[in-house]
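A.B. asks: One-letter residues, chain by chain:
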Amino acid sequence: MKKISLASVLLLIAALMLSSVSLAAEPIKFGAVNPLGDITGFQTTRAMELAVKEINEAGGLLGRPVELIVVDDEMRPEIGAAAIDRLATVDNVDFFVGGMGSGVHLAQVPALKKYEKITVWMGAASHQVEIAMGPDADWYFHLHPWDYQQGASYGQGWTDIANAHPEIGASRIFLAYEEGAFGTDSYLAYLDLYEAAKDGEGPYGQILNDFAGASFTSALLGGGDYRAMLRQAMDFDPDLFIWAGYDADAVPMVAQAMELGFEPPLFVGAPPGWPANFGDNPLSDGVILYGMWAPALKEVSEISNHFWNEYIKMHGHEPATYFAPLGYTNIMFLAEAIKAAGTLEKDAVIEALRTIEYESPIGAVLKIEPSNIISNQGFTSQKILQYIDGEQHVIWPFEYATSEIKYPFGR
Amino acid sequence: MLAAASKKQYLFIALLVIAAIVIGFWEPHALIYGIQRGSLYAVIALPLALILGILGVLNLAHGEFLTVGMYATFVLFSRFGVDPMLSTVPVTLLLAVVGVAVYLLTIKHVLKAGHLSQLLITFGISLVISELIKSIYTTQPRGVFTTYSYSSTTLAGIRFGTYEFLYLLIAVAVLVGLQLFLKKTRLGQATFAVGQNPRGASIVGINVSFVYLFVFGLSIAIVGLASVFMVPRVSIFPGAGTPYTMKSFALTAMAGLGNLNGILLAGIALGIFEAVVNAIPGGSGWSDVVFFGVLILVIMTRAIREGRR
Amino acid sequence: MRNKAMLIVAAFVIAAASLPLFAGPYFLSVFNTIFVYMSLALTWDIMLRTGQLSYGTAGLFGLGAYASALLVAKAGLNPLVSIAAGGAFAGLLAFFLGFGVLRLRKIYFSITTLALTTVFSVIIRNLPRLTGGASGTVLPRALFNGDPGKNYWMIYCLALAVIAISVWLSKSKTHYAINAIRNDEITARSSGIDVFKYLLFIFVLTSTIQGVIGAFYAQQYAFVQPEATFSMNFLLLPLAMALVGGVYSTIGPVVGAVLLGLVSEYLKLIMPYGHLIVYGIIIVLVVLFMPQGITRAFAKLFTRKMQVGGVDSASLRD
Numbered sequence: 000m001k002k003i004s005l006a007s008v009l010l011l012i013a014a015l016m017l018s019s020v021s022l023a024a025e026p027i028k029f030g031a032v033n034p035l036g037d038i039t040g041f042q043t044t045r046a047m048e049l050a051v052k053e054i055n056e057a058g059g060l061l062g063r064p065v066e067l068i069v070v071d072d073e074m075r076p077e078i079g080a081a082a083i084d085r086l087a088t089v090d091n092v093d094f095f096v097g098g099m100g101s102g103v104h105l106a107q108v109p110a111l112k113k114y115e116k117i118t119v120w121m122g123a124a125s126h127q128v129e130i131a132m133g134p135d136a137d138w139y140f141h142l143h144p145w146d147y148q149q150g151a152s153y154g155q156g157w158t159d160i161a162n163a164h165p166e167i168g169a170s171r172i173f174l175a176y177e178e179g180a181f182g183t184d185s186y187l188a189y190l191d192l193y194e195a196a197k198d199g200e201g202p203y204g205q206i207l208n209d210f211a212g213a214s215f216t217s218a219l220l221g222g223g224d225y226r227a228m229l230r231q232a233m234d235f236d237p238d239l240f241i242w243a244g245y246d247a248d249a250v251p252m253v254a255q256a257m258e259l260g261f262e263p264p265l266f267v268g269a270p271p272g273w274p275a276n277f278g279d280n281p282l283s284d285g286v287i288l289y290g291m292w293a294p295a296l297k298e299v300s301e302i303s304n305h306f307w308n309e310y311i312k313m314h315g316h317e318p319a320t321y322f323a324p325l326g327y328t329n330i331m332f333l334a335e336a337i338k339a340a341g342t343l344e345k346d347a348v349i350e351a352l353r354t355i356e357y358e359s360p361i362g363a364v365l366k367i368e369p370s371n372i373i374s375n376q377g378f379t380s381q382k383i384l385q386y387i388d389g390e391q392h393v394i395w396p397f398e399y400a401t402s403e404i405k406y407p408f409g410r
Numbered sequence: 000m001l002a003a004a005s006k007k008q009y010l011f012i013a014l015l016v017i018a019a020i021v022i023g024f025w026e027p028h029a030l031i032y033g034i035q036r037g038s039l040y041a042v043i044a045l046p047l048a049l050i051l052g053i054l055g056v057l058n059l060a061h062g063e064f065l066t067v068g069m070y071a072t073f074v075l076f077s078r079f080g081v082d083p084m085l086s087t088v089p090v091t092l093l094l095a096v097v098g099v100a101v102y103l104l105t106i107k108h109v110l111k112a113g114h115l116s117q118l119l120i121t122f123g124i125s126l127v128i129s130e131l132i133k134s135i136y137t138t139q140p141r142g143v144f145t146t147y148s149y150s151s152t153t154l155a156g157i158r159f160g161t162y163e164f165l166y167l168l169i170a171v172a173v174l175v176g177l178q179l180f181l182k183k184t185r186l187g188q189a190t191f192a193v194g195q196n197p198r199g200a201s202i203v204g205i206n207v208s209f210v211y212l213f214v215f216g217l218s219i220a221i222v223g224l225a226s227v228f229m230v231p232r233v234s235i236f237p238g239a240g241t242p243y244t245m246k247s248f249a250l251t252a253m254a255g256l257g258n259l260n261g262i263l264l265a266g267i268a269l270g271i272f273e274a275v276v277n278a279i280p281g282g283s284g285w286s287d288v289v290f291f292g293v294l295i296l297v298i299m300t301r302a303i304r305e306g307r308r
Numbered sequence: 000m001r002n003k004a005m006l007i008v009a010a011f012v013i014a015a016a017s018l019p020l021f022a023g024p025y026f027l028s029v030f031n032t033i034f035v036y037m038s039l040a041l042t043w044d045i046m047l048r049t050g051q052l053s054y055g056t057a058g059l060f061g062l063g064a065y066a067s068a069l070l071v072a073k074a075g076l077n078p079l080v081s082i083a084a085g086g087a088f089a090g091l092l093a094f095f096l097g098f099g100v101l102r103l104r105k106i107y108f109s110i111t112t113l114a115l116t117t118v119f120s121v122i123i124r125n126l127p128r129l130t131g132g133a134s135g136t137v138l139p140r141a142l143f144n145g146d147p148g149k150n151y152w153m154i155y156c157l158a159l160a161v162i163a164i165s166v167w168l169s170k171s172k173t174h175y176a177i178n179a180i181r182n183d184e185i186t187a188r189s190s191g192i193d194v195f196k197y198l199l200f201i202f203v204l205t206s207t208i209q210g211v212i213g214a215f216y217a218q219q220y221a222f223v224q225p226e227a228t229f230s231m232n233f234l235l236l237p238l239a240m241a242l243v244g245g246v247y248s249t250i251g252p253v254v255g256a257v258l259l260g261l262v263s264e265y266l267k268l269i270m271p272y273g274h275l276i277v278y279g280i281i282i283v284l285v286v287l288f289m290p291q292g293i294t295r296a297f298a299k300l301f302t303r304k305m306q307v308g309g310v311d312s313a314s315l316r317d
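In the order they appear, the protein sequences are chains A, B and C.
Count the first sequence with numbering that gives the first Met the number 0 and you get residues 0 to 410, in order.
Count the second sequence with numbering that gives the first Met the number 0 and you get residues 0 to 308, in order.
Count the third sequence with numbering that gives the first Met the number 0 and you get residues 0 to 317, in order.
Just chain A, same shape as in the assembly (with noise of 0.2 Å):
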């Protein structure tokens, strides 16, 4: 008896204090879901380790530290949405950030319209999340472009580079992708686009003449075969090729179309992430690459360079994928909003969401806007990038390039 009004005197003290304690700097909590196994959840948690150092080394913010809770989604759609349910109820965050897999971050939309607590979602690319979450969620900002964005975006980058070097066209194009919802996505918006094109409409209005696509089996999921839909490819004889799968598909992919003898003029790799040393490749060099970073950025971004060197020195390693700058992003923006409306209240915070503009280390300002069904979608265009001697180059858009193209692919 004696033993148990000991302690539990001892844990109403320890109660109290912890309780002065927190009421003294009550921290304003980020709540993140990240697939941590995975190099790109991984890496985007440690970026966002690095953006929440920042911001409390600075005093915080409206006075109160950030802390940032990160719940493991394990790639799995219920445990993703069970994830939301936990940071809202049970860690009581402010806001939602992060995420990378759309069909994981399909079944966590039922949850987030549950709470609706403004939420800055940095990955999920797939039309399908815009769909399901319908155009009346005032509180939920979507940074990554949508799938139909990215294909458009390219389109408005090839014209400018055929405008600029002559030499250099795009009139027909052969997309190869893979055959789950990402290559698919992707290819579906193609079409769209070959349609407009046809009519000299659209982004491809003014360059795509010809268009043709074949799927494979992605060596992610058990493939990594694509010499029969490489040798389609060769048939059709694109002056632009490009190859929607995964980053385990690169290597193989350049070394089957150099085994088959496929030289295309521009060989355009499109991956969420590229394999480790994939520059060391000697097949690498003049491969183009779609995405929305390259290191070389830090060249002529300050920001970028910044972020490169912070993330380097705290971590010990090099950022491999945008995730990392993207994750990043997520928070730096949330914040910078935060302390535009001064205030936590919900209207102001969506308020500041939408007016100011951030510059990212991703090498563009981040500026909210609406997308076909969502009203606040934050990028929307993504970066032409080409491997040359080793190095990610930026070669358009033109204000961030740091290299001149290097044309046309091929030994």
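Just so you know, the hints here were simulated from the structure itself, not pulled from any lab data.
A hint or two may mislead.
[Said to hold, decoys possible] Non-contacting residues of chain C with respect to chain A, defined by C-beta distances greater than 12 Å in every case (computed):
{"hint": "1", "residue": "Ala-22"}
{"hint": "2", "residue": "Pro-24"}
{"hint": "3", "residue": "Arg-102"}
{"hint": "4", "residue": "Arg-104"}
{"hint": "5", "residue": "Ala-179"}
{"hint": "6", "residue": "Asp-183"}
{"hint": "7", "residue": "Ser-190"}
{"hint": "8", "residue": "Lys-299"}
[Said to hold, decoys possible] Mimicking DSS-like on lysine-lysine, the simulated pairs with C-alpha atoms at most 27 Å apart in a straight line are:
{"hint": "9", "chain 1": "A", "residue 1": "Lys-366", "chain 2": "A", "residue 2": "Lys-28"}
{"hint": "10", "chain 1": "B", "residue 1": "Lys-107", "chain 2": "C", "residue 2": "Lys-299"}
{"hint": "11", "chain 1": "B", "residue 1": "Lys-111", "chain 2": "C", "residue 2": "Lys-73"}
{"hint": "12", "chain 1": "B", "residue 1": "Lys-182", "chain 2": "B", "residue 2": "Lys-107"}
{"hint": "13", "chain 1": "C", "residue 1": "Lys-3", "chain 2": "C", "residue 2": "Lys-170"}
{"hint": "14", "chain 1": "C", "residue 1": "Lys-170", "chain 2": "C", "residue 2": "Lys-105"}
{"hint": "15", "chain 1": "C", "residue 1": "Lys-105", "chain 2": "B", "residue 2": "Lys-111"}
{"hint": "16", "chain 1": "B", "residue 1": "Lys-7", "chain 2": "B", "residue 2": "Lys-183"}
{"hint": "17", "chain 1": "C", "residue 1": "Lys-172", "chain 2": "C", "residue 2": "Lys-105"}
{"hint": "18", "chain 1": "A", "residue 1": "Lys-338", "chain 2": "A", "residue 2": "Lys-366"}
{"hint": "19", "chain 1": "A", "residue 1": "Lys-28", "chain 2": "A", "residue 2": "Lys-52"}
{"hint": "20", "chain 1": "C", "residue 1": "Lys-299", "chain 2": "A", "residue 2": "Lys-113"}
{"hint": "21", "chain 1": "C", "residue 1": "Lys-172", "chain 2": "B", "residue 2": "Lys-107"}
{"hint": "22", "chain 1": "A", "residue 1": "Lys-297", "chain 2": "A", "residue 2": "Lys-405"}
{"hint": "23", "chain 1": "A", "residue 1": "Lys-52", "chain 2": "A", "residue 2": "Lys-297"}
{"hint": "24", "chain 1": "C", "residue 1": "Lys-149", "chain 2": "A", "residue 2": "Lys-113"}
{"hint": "25", "chain 1": "C", "residue 1": "Lys-149", "chain 2": "A", "residue 2": "Lys-116"}
{"hint": "26", "chain 1": "A", "residue 1": "Lys-366", "chain 2": "A", "residue 2": "Lys-52"}
{"hint": "27", "chain 1": "A", "residue 1": "Lys-197", "chain 2": "A", "residue 2": "Lys-297"}
{"hint": "28", "chain 1": "A", "residue 1": "Lys-405", "chain 2": "A", "residue 2": "Lys-345"}
{"hint": "29", "chain 1": "C", "residue 1": "Lys-172", "chain 2": "B", "residue 2": "Lys-7"}
{"hint": "30", "chain 1": "A", "residue 1": "Lys-116", "chain 2": "A", "residue 2": "Lys-28"}
It should be emphasised that the depicted structure is a prediction, and the values quoted were computed from it without experimental measurement.
C-beta: ideal position from N, C-alpha, C; glycine also.
Position chains B and C relative to chain A; hints supplied.
C.D. replies: Same frame as chain A, but now just chains B and C:
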């Protein structure tokens, strides 16, 4: 029974050759790709079939051992500059050691617990291996690039890669080696006896537990051998080997338990089917249906025919 | 003794039913997932009791999910009705497939059910007009508008029903036929048991349940997508849960699902990175030290204690 099986097999070989000639004329590339891929499937499936046939264990971690072999080859290449071809011996030996260790630590203790416990323990092992690799090397793919693995040649106006014919060579070598071992050596005969009837084998004085140990180690070593030759042509990532578990299981079932020769034939047949579908524009999305459709068809036909007998 | 056991069970049932009254959404969400996997684990075990090792749970789960989602998205069916329809569709298909698949035994049955899973998902992926193809179909509204309590009660009732079916099967006359088929099919046949009829009944029953659970899952998260809906997790995790708990019983899969479900959430809490390694090690250790499953290991321990105390405890054994 044995004679009947081989007669049927000859018939199957004849059919396969005829189909190959027809396809060879119509779409020679599909034939080449099919033989190359099919042989690879077969090399990987043989050790799975061996473990399933002798120990009665369906090894769900089969593909993860393949991944371990790939990373071992990668480490030898990136740390010590060892060409993958020179890694053949060390990696095969390493995987044999890994196989023996895993056997002694885990499988050995559940041999009497029934095949379900064995299934679950190999699932646990597969999870541990793949998550361990993830935490060491992340999910970002690595690669070992060599130019010879993508060299090609032109024959009768057809240009094709030559390296993957190595898969056929290895598949035949492994198969012949296994058959010789099972028929000509003492240990092999003992292994065969254990596969037929373990209790009977132990009564006649065969050291059954050593046979199990040996077969498991040998099988994982073969997986290691396969992984070395795959490395120059694939991306290496934590899930690289995983899909091969199911493919190997499919080949083993299609060939019928205990039929090692049938695995190579089944592998090549399925490889060609897959390649033909892939060669048809718009067909590649259906290749899995063809792969598993053919598998189901073969299994069903056999079941119906045996049911009638 | 029996009454005591019944009381304990009743206490559990009531406590679980009243969970939404005091637990938060996260806790409900975790148990929601546990009940989904528990139901799948039970159906897998029920099939296993006939001696057939099925690898097809993910396939029928996915079919039920798709049938239900498409009926809501394309035909505007009521979501609750569509869940029943999803189960009916999976059951109907299983009935026809059964005439072929159930001729097979051992690994041939296993690999064929596994192959069918892939075939289903690839066919669905290749019919974009009907199914939305690889990018799937999104539903306008989640079941009960995402209300955690209602969703919990729904899956809880479904899981209770599956438990009841499992218990009923182990008490009814069917039980003897099923055990006889598993132990020695030829003897069973010669003693007049219509083996195929029983197998077909169990196959259709378990497939229907898997379809219902899949349909519930699709309605709860309001989307279907080949990669997510036909995920191998819906095969491997239930299988692991049933085996960890102890097969050929009702209590085994139930305990296995609760334990593994809670362990995985707890591990994630204490170690964000690498928790799945520990999860794998736990599975390996359970098999090594409790090869007959956790429930049997505990029952044995309990029985031994009881025997020391001089109480007859035969009723505890199965």
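A.B. asks: Evaluate each hint against the coordinates.
C.D. replies: Here's how the hints hold up against the structure:
| no. | hint | verdict |
| --- | --- | --- |
| 1 | Ala-22 | violated, 10 Å |
| 2 | Pro-24 | violated, 4 Å |
| 3 | Arg-102 | holds, 29 Å |
| 4 | Arg-104 | holds, 27 Å |
| 5 | Ala-179 | holds, 38 Å |
| 6 | Asp-183 | holds, 39 Å |
| 7 | Ser-190 | holds, 45 Å |
| 8 | Lys-299 | holds, 34 Å |
| 9 | A/Lys-366 <-> A/Lys-28 | holds, 23 Å |
| 10 | B/Lys-107 <-> C/Lys-299 | holds, 23 Å |
| 11 | B/Lys-111 <-> C/Lys-73 | violated, 52 Å |
| 12 | B/Lys-182 <-> B/Lys-107 | holds, 25 Å |
| 13 | C/Lys-3 <-> C/Lys-170 | holds, 19 Å |
| 14 | C/Lys-170 <-> C/Lys-105 | holds, 26 Å |
| 15 | C/Lys-105 <-> B/Lys-111 | holds, 18 Å |
| 16 | B/Lys-7 <-> B/Lys-183 | holds, 24 Å |
| 17 | C/Lys-172 <-> C/Lys-105 | holds, 25 Å |
| 18 | A/Lys-338 <-> A/Lys-366 | holds, 16 Å |
| 19 | A/Lys-28 <-> A/Lys-52 | holds, 13 Å |
| 20 | C/Lys-299 <-> A/Lys-113 | violated, 46 Å |
| 21 | C/Lys-172 <-> B/Lys-107 | violated, 38 Å |
| 22 | A/Lys-297 <-> A/Lys-405 | holds, 20 Å |
| 23 | A/Lys-52 <-> A/Lys-297 | holds, 21 Å |
| 24 | C/Lys-149 <-> A/Lys-113 | holds, 13 Å |
| 25 | C/Lys-149 <-> A/Lys-116 | holds, 21 Å |
| 26 | A/Lys-366 <-> A/Lys-52 | holds, 24 Å |
| 27 | A/Lys-197 <-> A/Lys-297 | violated, 39 Å |
| 28 | A/Lys-405 <-> A/Lys-345 | violated, 49 Å |
| 29 | C/Lys-172 <-> B/Lys-7 | violated, 44 Å |
| 30 | A/Lys-116 <-> A/Lys-28 | holds, 12 Å |
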